[in-house]
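There are 2 protein chains.
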Amino acid sequence: MNVDGKNIRTIWLDKSAKIIKIIDQRKLPHRFVIADLKTVDDVITAIEDMYVRGAPLIGATGAYGVFLAALNAPHDRIGDDYMIGEADRLKSARPTAVNLAWGVDRVLAETLAARLSEKISRARRSAGDIVELEVKNCRKIGEHGLPLIEQIRRNKNGGTVNVLTHCNAGWLACIEYGTATAPIYAAFDSGIDIHVWVDETRPLNQGARLTAWELGKHGVKHTIITDNAGGYLMQRGLVDLVIVGTDRTTATGDVANKIGTYLKALAAQDNGVPFYVALPSSTFDWELKDGVRDIPIEQRAAEEVKYVWGLNRDTPAQVLICPADSPAANFAFDVTPARLVSGFITERGVCRATPEDIRRLFPENSN
Amino acid sequence: MNVDGKNIRTIWLDKSAKIIKIIDQRKLPHRFVIADLKTVDDVITAIEDMYVRGAPLIGATGAYGVFLAALNAPHDRIGDDYMIGEADRLKSARPTAVNLAWGVDRVLAETLAARLSEKISRARRSAGDIVELEVKNCRKIGEHGLPLIEQIRRNKNGGTVNVLTHCNAGWLACIEYGTATAPIYAAFDSGIDIHVWVDETRPLNQGARLTAWELGKHGVKHTIITDNAGGYLMQRGLVDLVIVGTDRTTATGDVANKIGTYLKALAAQDNGVPFYVALPSSTFDWELKDGVRDIPIEQRAAEEVKYVWGLNRDTPAQVLICPADSPAANFAFDVTPARLVSGFITERGVCRATPEDIRRLFPENSN
Chain A
0 MNVDGKNIRT
10 IWLDKSAKII
20 KIIDQRKLPH
30 RFVIADLKTV
40 DDVITAIEDM
50 YVRGAPLIGA
60 TGAYGVFLAA
70 LNAPHDRIGD
80 DYMIGEADRL
90 KSARPTAVNL
100 AWGVDRVLAE
110 TLAARLSEKI
120 SRARRSAGDI
130 VELEVKNCRK
140 IGEHGLPLIE
150 QIRRNKNGGT
160 VNVLTHCNAG
170 WLACIEYGTA
180 TAPIYAAFDS
190 GIDIHVWVDE
200 TRPLNQGARL
210 TAWELGKHGV
220 KHTIITDNAG
230 GYLMQRGLVD
240 LVIVGTDRTT
250 ATGDVANKIG
260 TYLKALAAQD
270 NGVPFYVALP
280 SSTFDWELKD
290 GVRDIPIEQR
300 AAEEVKYVWG
310 LNRDTPAQVL
320 ICPADSPAAN
330 FAFDVTPARL
340 VSGFITERGV
350 CRATPEDIRR
360 LFPENSN
Chain B
0 MNVDGKNIRT
10 IWLDKSAKII
20 KIIDQRKLPH
30 RFVIADLKTV
40 DDVITAIEDM
50 YVRGAPLIGA
60 TGAYGVFLAA
70 LNAPHDRIGD
80 DYMIGEADRL
90 KSARPTAVNL
100 AWGVDRVLAE
110 TLAARLSEKI
120 SRARRSAGDI
130 VELEVKNCRK
140 IGEHGLPLIE
150 QIRRNKNGGT
160 VNVLTHCNAG
170 WLACIEYGTA
180 TAPIYAAFDS
190 GIDIHVWVDE
200 TRPLNQGARL
210 TAWELGKHGV
220 KHTIITDNAG
230 GYLMQRGLVD
240 LVIVGTDRTT
250 ATGDVANKIG
260 TYLKALAAQD
270 NGVPFYVALP
280 SSTFDWELKD
290 GVRDIPIEQR
300 AAEEVKYVWG
310 LNRDTPAQVL
320 ICPADSPAAN
330 FAFDVTPARL
340 VSGFITERGV
350 CRATPEDIRR
360 LFPENSN
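Each protein sequence line maps, in turn, to chains A and B. So in the numbering used here, the last spot in the first sequence is 366, and the numbers never skip. So in the numbering used here, the last spot in the second sequence is 366, and the numbers never skip.
Careful: at least some of the hints might be erroneous.
Note that the list lumps identical chains together, so a pair holds whenever it fits in one copy or between two copies.
Listed below are the simulated DMTMM-like cross-link pairs for lysine to aspartate or glutamate, each with C-alpha atoms no more than 20 Å apart in a straight line [to be verified]: (1) K288 to E175; (2) K139 to E286; (3) K220 to E302; (4) K5 to E142; (5) K17 to E355; (6) K26 to D324; (7) K216 to D324; (8) K288 to D87; (9) K17 to E131; (10) K220 to E131; (11) K216 to D188; (12) K20 to D128; (13) K155 to D87.
Source of the hints: derived by calculation from the structure; they are not laboratory data.
For reference, chain A alone in the conformation it holds in the complex (with noise of 0.2 Å):
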C-alpha cells in the first residue's frame, strides 16, 4: 500500500532470502521502522509483542517462522520431530489466532513431505504462497463488500457514506487492503464519498495508532473516537455500517475479535445499523460451534491497561494513567454472538451468520 509514495506491505522476503522483514507496528504512528526477523524466536516475540498483529498478518509471519525453523536447523536435526516441536512453538505464541496455526500448519505439513535437500526451498515457497493468497483474498473480500457500501450511497443519494471499525482489520493487519478496511479502499478508490469513524481501541489503540494512519496515508477521511461512542453515534444516525475483522470465527457464525467489538454489535442491533464482519476464509475456525464456550480468550498484562504509550512531545513515551497501586485485568478479545451479526464478507462472496450459509459458502470444510 501507499506510505508517502512507496509502494510498500507488510511483511517480505528479504534479497538474501534469508531474513524476513516487517514493519515493526508498536511504533506506528510516531514512527515507521522496518525490523529484521532472522529466528524462530525472533518470530514468537515479534507475534507475543505484537510488532506485527491481526490474524492475516500473525498466519503469514508464522508461516514464515516455519521456513526460518527449517533455514536455521542444524543439518542433523532438520527432521520430523524438530520441525513439528518448533512449529507447537511458533502456535502457542497466540492462541487465539486460528490463522497462526493454520499458517504454520499449511508450511510445516509442505515440509515434512519434503525431500530433506528441498525442505528449506519448499518452506520458502509455501510461505510465500501464503502471503498471496491472503493478498488475494483481501482483494477479494474488498470487491464483495463493496457493493453493501454502493447500495447505502444509493439509499443516502449520494451522500456521505459512515463506517465505523473497530481495531484495526487493515492493510497493516494483513499483507494489502485488509478485510474490514478491503471494502473501505475499494469505495474509496471507486470514487465513493466515504467517512469512517475509528475506534480508538483500547488498550493498545491500535485504532488511533494504526487505523487512522493507514487511512490517513491513503487519503481516506476519518475521525478517531473512543470506544465509549459508537453507541451514541448509531443513536444518532451517524453511522451507516459498521465493518469489523476477526481473530477467529466459529462455524456457527461466533465472532472472537478485540475486546470491544460485542458491545458494538450490540448497539448496531438496538439501532438497525448493519454489522458485518470481514475475513478471509483462513479465519474460520470449522471446529467450534459455541464461541461464547469455547473459543479461548487471552489475558494480557495490566500494564497495558493502567500505561498509555504515545509521543510527548517528540519522545515516544508512557504515562501511568490510574494509581500505581490500582490492579487492572486485561482481556484481548470478547465473542459476539452470530445473532448479532448481519453477515459475513469473503474473498466467496457476502454470507448471513448462520451455518447453513456459512457452509453454502464453504461447502468443502463442512463436517
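We have chain A; now place chain B onto it with these hints.
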C-alpha cells in the same frame, strides 16, 4: 471521606468565609491539590475545565458561585439584573448538568428575595444548605441501595459481589459517599465482600483516575478495566450488578450520563444483569420527556481524545496517541433509554424507570 487518615469533603467554605476550597480533581490520582475559588470566573473555570465534576458537586460549586457573585459585587450592582446575569454565566458553564442550573437558581432565588444587607449572608447560607442536603441525599442513596447488594450476596451464598461502574459517580463527584458508590461504601462498611470493576472511562479516564483512587483510599477491592471490557465480563457472569450515576435524567426515566453508559446498559440487558442508576432527585429534569431527542449533548475538544494525561516516571505529562493530523470527535455524554434501566436508587428509595414509578416517589414534581 477518608484520605490518608484525614476526613475531607470535595468543597468547603474557608474560615475567612470569602474563599471556596475545592480539590483540583484534574491532578488526581497523582497529586492531591486544593484550589481556591474567589470569583465567579474562578467558578466557571473550575466547572468548564473540570477541576470539579459530577452532577451534585457541580451543583454545589455553582451554588457557591452565586454566593461569590453577591460577595464580590460592587455595592451598587448587587441588584437583580446583575445577579441574574452572573447566574446565567454560571449556568452556561456545563449545559448538560441539570444540577448546576438547580443549585444556581435556588441560591439566586433566595438572594433575590433577601434585603440588600442580607443578600450575601443569605446566599452563603443557601449554598451551605445545598451542600448539606447533597450529603444527606447521598447517605440515603447508600441506605436505599444497600438491600440490593445484600440480596445479591444472599443469592451467592455470601460470595463476593461484583459491581461494575462507569466514570466517577463517587464521593469525588459529590460531597461525601457519592451516588453510584454510596451503596458500595454502605455494603463495604457493613462487612460485605464487595469488588468493583472500574471502567477507565475515556477520554478523561475519570474511572481509572478518580474512582480507583477513592475506592483504594477507602480500602474497597477494585479492578480497572478498559471501557471495552464490560460486555465480556457480563457474558462470563463476572458482573452481578451495574450501578452508574447520571448528569440528567428525564421524568420518563431516560438517563444522560458519561459517554459509553448506553453500551454497558445494552450489555447488561443482553446478559440479564441488573442495571441501576443512583441519583439525588435534584438530577431529575422534570420538564423533559424524551432523553435521546431532548437532552443536549456537549461536545468537547478533540485534544481530550488525541492526548492522554498521566504520570511519565514521576512527572505529569500527556502523550499523543494518534497521528497528529487525524481529526477526533469528543461527545461527552450519551442517553440510556429507560427501557434499559432496571431502576433508580434515590434518596427517597428505589423505583423502576417508568414515569409512573418516578412520579409515585416524587409526586410534588408531577406536571
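Do the hints match the structure? See the list:
no. : hint         : verdict
1   : K288 to E175 : neither (30 Å within a copy, 50 Å between copies)
2   : K139 to E286 : neither (25 Å within a copy, 54 Å between copies)
3   : K220 to E302 : between (32 Å within a copy, 18 Å between copies)
4   : K5 to E142   : neither (24 Å within a copy, 65 Å between copies)
5   : K17 to E355  : neither (44 Å within a copy, 74 Å between copies)
6   : K26 to D324  : between (28 Å within a copy, 17 Å between copies)
7   : K216 to D324 : between (40 Å within a copy, 11 Å between copies)
8   : K288 to D87  : neither (24 Å within a copy, 60 Å between copies)
9   : K17 to E131  : within (19 Å within a copy, 74 Å between copies)
10  : K220 to E131 : neither (29 Å within a copy, 51 Å between copies)
11  : K216 to D188 : within (13 Å within a copy, 55 Å between copies)
12  : K20 to D128  : within (16 Å within a copy, 68 Å between copies)
13  : K155 to D87  : neither (51 Å within a copy, 41 Å between copies)
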